Amino acid sequence: MTAVHARTRPPGAQRFREMSGNVGWGLIAWVLGIAFFLPVLWMVITAFKPESAAETWPPKFTFSPTLAEFRLVFSGWGPYVTHSVIATVVSTLLVLLLGVPAAYALAIHPVKRWQDGLFFFISTKMLPIVAAIGPLYVIALKTHLLDNIWLLIILYTAMNLPLAIWLIRSFMLEVPGEMLEAAELDGAGRIRQMGEVIMPVISPGLVSTALICVIFAWNELFLALNLTTTNAATLPMFLISSVPQEGLYIAHLSAAATVASVPVIIVGWVAQRSLVRGLSMGAIK
Amino acid sequence: MAEVKYVQASRVYAKDAPPAVDALDLDIKDGEFMVLVGPSGSGKTTALRMLAGLEPLDGGRIEIGEKDVTWVPPKDRDIAMVFQNYALYPNKTVAENMGFALKMQHVHKDERARRVQEAARLLDLDDQLLGRKPKALSGGQRQRVAMGRAIVREPRVFLMDEPLSNLDAKLRVQTRAQIAELQRRLGITTVYVTHDQVEAMTMGNRVAVLAGGKLQQCDTPRQLYDNPVNQFVAGFIGSPAMNLQTVPLTEEGARLGGTVIPLPTAVRTAASQAGLRELVLGIRPEHMHLADGSGQIKGEVMLVEELGADALLHVRLAESGNQVVARAEGRKPPAPGQDVTFRVQPDDVFAFNPATGARLAG
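Residue numbers (this note's numbering), protein chains in the order written: chain A, 67 to 351; chain B, 1451 to 1812.
Be aware that a few hints might be false.
Dumping the calculated BS3-like pairs for lysine-lysine here, alpha-carbon to alpha-carbon at most 30 Å [as the list claims (entries may be wrong)]:
| id | chain 1 | residue 1 | chain 2 | residue 2 |
| --- | --- | --- | --- | --- |
| 1 | A | 178 | B | 1525 |
| 2 | B | 1553 | B | 1542 |
| 3 | B | 1553 | B | 1525 |
| 4 | A | 178 | B | 1465 |
| 5 | B | 1620 | B | 1525 |
If you only want the chain A side, here are some residues facing chain B, beta carbon under 7 Å, derived [said to hold, decoys possible]:
| id | residue |
| --- | --- |
| 6 | 248 |
| 7 | 250 |
| 8 | 263 |
Please keep in mind that the hints were generated in silico from the structure rather than gathered at the bench. Here the structure is a predicted model, which means the values were calculated and not measured. Beta carbons: idealized from backbone N, C-alpha and C, even for Gly.
With the sequences and hints as input, model every part of the structure.
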């Protein structure tokens, strides 16, 4: 086809068409990228403004940057960040701990009616969480878990588990059946097969699953807002508490939000390679 | 080292479907290289997996070394298997891959290293390859590592499931010879599955031909070629395939290509006893000898396939108009469109019952 085109059209025009096509796509990508990034940039810039400069309209681009708002954030965020880290890390570990065996039972040696099980897991995500908050509140109240970090851990685990099971299952399906049979013939039991054959193959997938769980748990607000006050309040709660009843607060809020985003960005950046590998997994033949 | 025995071994996947392996009876001698061959869906791989213990039996039993292993788990059968896609562990080095089974048997580290080295030497795997991951190996090297993993175990039986199918044509021919030679040297009973009849013929001491889950014939390659028991085996063994033509019976023989091919009395008797009015005539391409106008079978050349050493003639027969293939000398093959005649030795003609496919005695 290209040969025919080259003969009927002047080669220059062909080149131009190809180039302009690439430029067009590049342009769209950049516009989209900037559209997504602009609010973030605005947030970061505002965080460095003094409160008085943050509220002006049109926005000022010349100001003397200050770390005052960050200082304020760091002075008050201690308990919140501790709660967030505990809830995020423990719930993610629990998700992996429960998700791996569950995925195994749905992928490697499918249990009876495994399709129903799979659907059940994902169906729990279909209900809006608002619909469950009333009963959740009552249960938390009766079990004396209101404003307790364990409540968040349990809920975040439950919240992320269905998605994690689906993800891990899809990674496990990538493990060639032949490899498991080879391990079986080699004399490796189920546990050994898990440790020596399955885990190494799916580990990039596990990392990306864990990362997604971390992001979801770290950013979760609704449950934390309704079920905690002080003893288990997380970083998103801190952001809300940065909004005072009166007075200027945009710069302070931006600083808090910037600080809250940093861990997720770092985790994402560190795990980038395994995220890409995990989401495009293919075992060697 | 051990003999292997299938006794009425069956495997049924779905209740209504015909069995994947149907009452297989097969005796494999100690140290023998047995090839299971057949088209896809013939049950050859299932039969192998039953022997490996990866597939349960729905009837009959399997013995290894006179011991019933039907319900023995795979790891306790003292067998080693080479898989079609090699199934190497991607996160382990070549040496770890080869030594994994020994590690599972709690063989001491030094002994393990020694046996891995030994197997590597046997397979011409360099020492530096032993430290690499499978991903860094070529297809041929991976294949040899998969072989090595089996050899290291020093099992009583080797099972191989189309181990050459992922290699390119040239390497396949080389490796084919190496595996056959290695097996003879080690003297370990081997069951080898392939769909490639050339592999089957060149490698096996004996070859078991399967079709539709049933054993058709199990014999030496020579016997399969010279004395196929039925139409399926006749058509499957040999390349290019035997010409099979349904032809009308006459008083003295069968009518083909404008002539009557004489048939032995025994065949004619068998045919008349079966009440047949026509039968399937089988003649191998290499047994159709070109004759300069003096042959009995007449036809017209439609197409010539040059193979170098010889040429394959696609010939339209006179009268019936059916196409057959004949092997001719490569130097001066007839041109397409040319009328030709062939001579056929009466001994080279096979006759089959068109209804059952069974060979008519002759």
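| message | With the threshold set at 30 Å, check whether the alpha-carbon distance from residue 1553 of chain B to residue 1525 of chain B stays at or below it. | response | holds, 13 Å
- request: Tell me if residue 248 of chain A is really an interface residue toward chain B, meaning its C-beta lies closer than 7 Å to one of theirs.
  value: holds, 4 Å
Against chain B, is residue 263 of chain A within 7 Å by beta-carbon distance?
Holds - the Cβ of residue 263 of chain A comes within 7 Å of chain B, reaching about 6 Å at its closest.
Query raised in the report: Are the Cα atoms of residue 1620 of chain B and residue 1525 of chain B separated by 30 Å or less?
Result: Status violated; Cα separation ~34 Å.
Handout entry: 30 Å limit on alpha-carbon distance, applied to hinted pair residue 178 of chain A and residue 1465 of chain B
Key = OK: residue 178 of chain A and residue 1465 of chain B at ~18 Å, within 30 Å.
Does the alpha-carbon distance linking residue 1553 of chain B and residue 1542 of chain B stay inside the 30 Å limit? holds, 13 Å
Margin query: Can you confirm whether the C-alpha distance between residue 178 of chain A and residue 1525 of chain B stays at or below 30 Å?
Written below: The hint holds at about 26 Å.
Hint residue 250 of chain A vs chain B: min CB-CB distance below 7 Å? Where the cut-off is 7 Å and the nearest Cβ of chain B is about 5 Å from residue 250 of chain A, the hint holds.
Comparing the model with each numbered hint stated earlier shows that hint 5 is the single one that does not hold.
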